[in-house]
Amino acid sequence: MNKNLRVKSSEYIDETNRISFKFNGKTFHGFKGDTLASALLANDVHLVGRSFKYHRPRGIMTSGSEEPNAIVQINPNTNRTEPNVRATEVEIYEGLEASSQNCWPSVEFDIGGINNFLSPFFPAGFYYKTFMWPASFWEKYEFFIRHSAGLGKSPTSTDPDIYDHRNIHCDVLVVGAGISGILAAKNAAKNNFKTLLVDEKNELGGSTIYENNEFNKINNKTPSEWLKKEIEELKNIKNLKIKTRTSVAAYHQYNYLLARENLTDHLEAKNKTNKIRQRLLKIRAKKVILAAGALERPLIFNNNDRPGIMLSSAIKKYSEFYGVACGSKNVFFTNNDSAYESAMSLYNKGINVEAIIDIREQSESKIVKKVKEAGIKIYWSHSIVDTTGYKRLNSISIMKLSNDGTSVTGRKISISCDCLGVAGGWTPAVHLYTQSGSKLKFDDEKKVFLPNQNTSEQISVGSCGGDFKIDEIIKNLNQKLKDILNINETDLDSIKVEIDQENSKRNIWLLPSDKPLGKTKPFVDYQNDATAKDIKLALREGFRSIEHVKRYTTTGMGTDQGKLGNMHALGIIADTAGIKMGELGTTTFRPPYTPLTFGTIVGRNVGKFFDIFRRTPMNDWHVENKAEFENVGQWKRAWYYPINGENMHQAVQRESKAARQSAGILDASTLGKIDIQGSDASEFLNRVYTNAWSKLAIGKCRYGLMLNEDGMVYDDGVTTRIGENHYIMTTTTGGAANVLGKLEDYLQTEWPELDVYLTSVTDHYATASLCGPNSKKILKKIIPDLDLSDESFPHMSFKEAKIGNIQCRIMRISFTGEHSYEINVQSSYGKHLWEKCMEAGKEFNITPYGTETMHLLRAEKGFIIVGQDTDGTMTPIDLQMDWIVSKKKYDFIGKRSLYRSDTMREDRKQLVGLLTEDPNVVLEEGAQIVSELNQSPVEMLGHVTSSYFSPNLNKSIALAVVRGGKKMMGKKLFVPMENKNINVTVVNPVFYDEKNERLNA
Amino acid sequence: MFLINCPYCGERDQQEFKAGGEAHIERPKQPTELSDDEWAEYLFMRKNIKGVQFERWNHAHGCRKWFNMVRDTSNDEIKAIYKMGEKPPAQ
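Residue numbers (the working numbering), protein chains in the order written: chain A, 1 to 1001; chain B, 1002 to 1092.
No false leads were mixed into what you were given.
Computed list of lysine-lysine pairs in BS3-like fashion (alpha-carbon distance at most 30 Å, straight line):
| hint | chain 1 | residue 1 | chain 2 | residue 2 |
| --- | --- | --- | --- | --- |
| 1 | A | LYS742 | B | LYS1019 |
| 2 | B | LYS1088 | A | LYS742 |
| 3 | B | LYS1048 | A | LYS895 |
| 4 | A | LYS895 | B | LYS1030 |
| 5 | B | LYS1066 | A | LYS742 |
| 6 | A | LYS287 | B | LYS1051 |
| 7 | A | LYS887 | B | LYS1030 |
| 8 | A | LYS286 | B | LYS1051 |
| 9 | B | LYS1084 | A | LYS286 |
| 10 | A | LYS287 | B | LYS1019 |
| 11 | B | LYS1051 | A | LYS580 |
| 12 | A | LYS441 | B | LYS1051 |
| 13 | A | LYS742 | B | LYS1080 |
| 14 | B | LYS1080 | A | LYS286 |
| 15 | A | LYS742 | B | LYS1030 |
| 16 | A | LYS287 | B | LYS1080 |
| 17 | A | LYS190 | A | LYS229 |
| 18 | B | LYS1080 | A | LYS482 |
| 19 | B | LYS1051 | A | LYS282 |
| 20 | B | LYS1051 | B | LYS1019 |
| 21 | B | LYS1019 | A | LYS608 |
| 22 | B | LYS1030 | A | LYS695 |
| 23 | A | LYS286 | B | LYS1019 |
| 24 | A | LYS282 | B | LYS1066 |
| 25 | A | LYS636 | B | LYS1019 |
| 26 | A | LYS439 | B | LYS1080 |
| 27 | B | LYS1019 | A | LYS439 |
| 28 | A | LYS469 | A | LYS287 |
| 29 | B | LYS1048 | A | LYS742 |
| 30 | A | LYS895 | B | LYS1084 |
| 31 | B | LYS1084 | A | LYS287 |
| 32 | A | LYS742 | B | LYS1051 |
| 33 | B | LYS1084 | A | LYS742 |
| 34 | A | LYS799 | A | LYS776 |
| 35 | A | LYS889 | B | LYS1030 |
| 36 | B | LYS1019 | A | LYS895 |
| 37 | B | LYS1030 | B | LYS1084 |
| 38 | A | LYS286 | B | LYS1066 |
| 39 | B | LYS1080 | A | LYS282 |
Since the hints were derived computationally from the structure, they do not count as laboratory data. A quick note: this is a predicted structure, and the numbers were derived from the prediction, not measured.
Here chain A stands alone, though its shape is the one from the complex:
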């Protein structure tokens, strides 16, 4: 039977609102205001999980986001399940279910617990050392390693929740709503700064809100009373926005911060639907005030991980804030005064405190006296050397600590207890501070890393800035606020503080035991089971860099990122290696501070919003006619149009034949189109293309090849002169945006003197490409009054015409080698144009063809596709396109590079055609080409870039790049495949209609 450990009504717990929830299948009760952790503790449940490596029983250790042990699976087996959630952060609601992780069959009886007894065989680097040999066994090991990796279970069905992103701009962002955050936000807002105050908890006030230590007074009130009044006043301040349940995950340069706002996680399932679950706030703040507080440190001693061993500050919070006693026989273990405050807090509520073990020799502060008066036994200069209790702490053994703190002496005293509060001092939460790029400095006296060099407009106030006593906090906060806000007075000037807090502390990173270190288990990283032994072993094995030790021992690599133990790891390394902490430095604090869900990261960019598609104006027709689509950049292009159950090969063979024998039609709307105007347009084209443009007559088209300055082919396309100073350039589909960008770059930076204007018109025009021997007849039917004779409208020319009232631009150009026209109309008429062509072409069996057939037809002609037959290392000369490179032009982009020693090499890879010995064998694109089969290592001459079975030639054809290929015409080469060698012959890359007779057919 579980005990009820509620000790008093707390104002933050609503005892009239009883909530039932399930943990590991068992029903428990808590109250509104409880976290899963506080509700479990109230039911005397400490054992909540198993550790990662040794499967040791672990209990709740903290009361906040730094929790390493109490990580649970929320709502298992539902579509809202979430692994690795900190029980200390989960607000309970009716119907909540949670279960332990990393244990089987149950947290109470876990088979994996055997690892604990085998632990001598699992030293640091166990995996690296064990699974290295024999190398061939890796595949077998991998199965088991993967099986044991990870903690919780990721959801397997679609996330039903909505996530959101929001941009926020503010003058001042205050991170953390403890005493310093609240005062900072209040004063910033009052001075007309647009202020945002965020805190990860659901209540404001941090730890001061339950600070009832009678020796501390602010304006003659207890800190708690006084702060509540301050919080009350926040409500009436203009310019101030407060967001609770909002955790800042990342702090980037230029005061750009990311925070996760939790909106529905604390609600019952029925109230979660159709609401935004979590929102990622993208905050740009002019000034940032970090008031993130400090994390209490544990102490590192033998068996310091048993359920029931908690942070002293957590025990205090559970008692003061949640009204829960964490144990009935409590002991504290400390190196400073803060455990005494926790002890008095319990004592004042009638909770039994057995003893305080203090590693210091003495302390004379008022709170210590008070503890003595209360009759609580204090063991000065003592240390815990061992603990017992497998699933719950039941006793500790203590011994006298030597003067130098490295050994223990005397008689061993055993103290029976069920809860141990450890207090190892405080670590300022500088995580966000360092993420911003600012630098830390080690304070040797306080044994903490403190903010030192700020890189942006920011301050760290309160305990995250190294101030732990209320009077210091307020004094330093006041000055820092005046400096950053540039103001002369604040509310803080008139605050009167009386305190009796002492900072005396005795810091020992690793506490000794009566047993040798090798026989003890002093855990440094609780979640990953890294002990002080592992760290020392890593040092013995030669690791020196803190980053290496971290990775080798996995210290600080759990979901909690070592928020509790990292400082001790550093301390142990420094002590062992004899280095100063300041010189050792820290591992990098990386975002996020606490884990983010994938949902929050992607926000609304899911489903059809995951990636944007561009569709052509004819898209609906393609869909209605059952086209298969392929993605080309962001475009959805019709790939092929299968009929009667054809596969791709069959459809493409049919489409290719039809286009050559009668008529085909292609949706070419995706080609990039750039409108070029200006008195220097011709000169501009001269400079960007390899061929000459000055003499191109109005109404004529020309194919152009564009290079990079390094001489490599960048893009190609046909450009048409439609007026004296007016051109339309087409680019490849994928290259459109980059080409425009490159042209703009040259115009703005290298040739600002040129009078040229560029406008992308890709989306403004729809293009139908009509091709085949009957294309002329079809066009004639659509525009009867247009003169289509070769004299009036020859190949490579342009005409404006009208289809009914629709203005269109027609280019007689060809990418297939057939007589063909590209008809451009305003996009909104694209589908109409297409249907008109289909209707007119019916009697000629006009066949729509997709990109695959387009590729096949152009390959028959040996036309390259930039990006398929080229890869950024091919010059026009390599492509056997010398004819397009002007010898007369003084300069064009890339010209000089064409006669660098490297581009003139004759053994460069050059474009050739390949024919297979067996005409039915189609080569694989990407296949390697060799000249010798029995050579080792075999020399690769090149690879296949395009390969098809040509229905028009009735044989397999391929384009390839081959080293020195130009001089290999007729040579026999080999394409070795997995189970055969294919014999091929090098040929001219133009396979079909070499004399271009069909263009005028």
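Based on the hints, put chain B in the right spot on chain A.
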């Protein structure tokens, strides 16, 4: 994420911009008269400074204008921004 003060549009988020490499490398006016080494110097050689660096940036998702930026690469502090053709500030 920097906050970049586009000389034409004002302060905008870095995601609207594209970095364009080292600034003040002028394309030779007479490339054909350069030796292979001289041309290679223009074509390939770029500085990669830890510290103050002169760079080209483009407001790609904005006004599409190119401009120059002086940035300390060690802490990403932007020291100056000026238009194309303007003189770089003295270091």
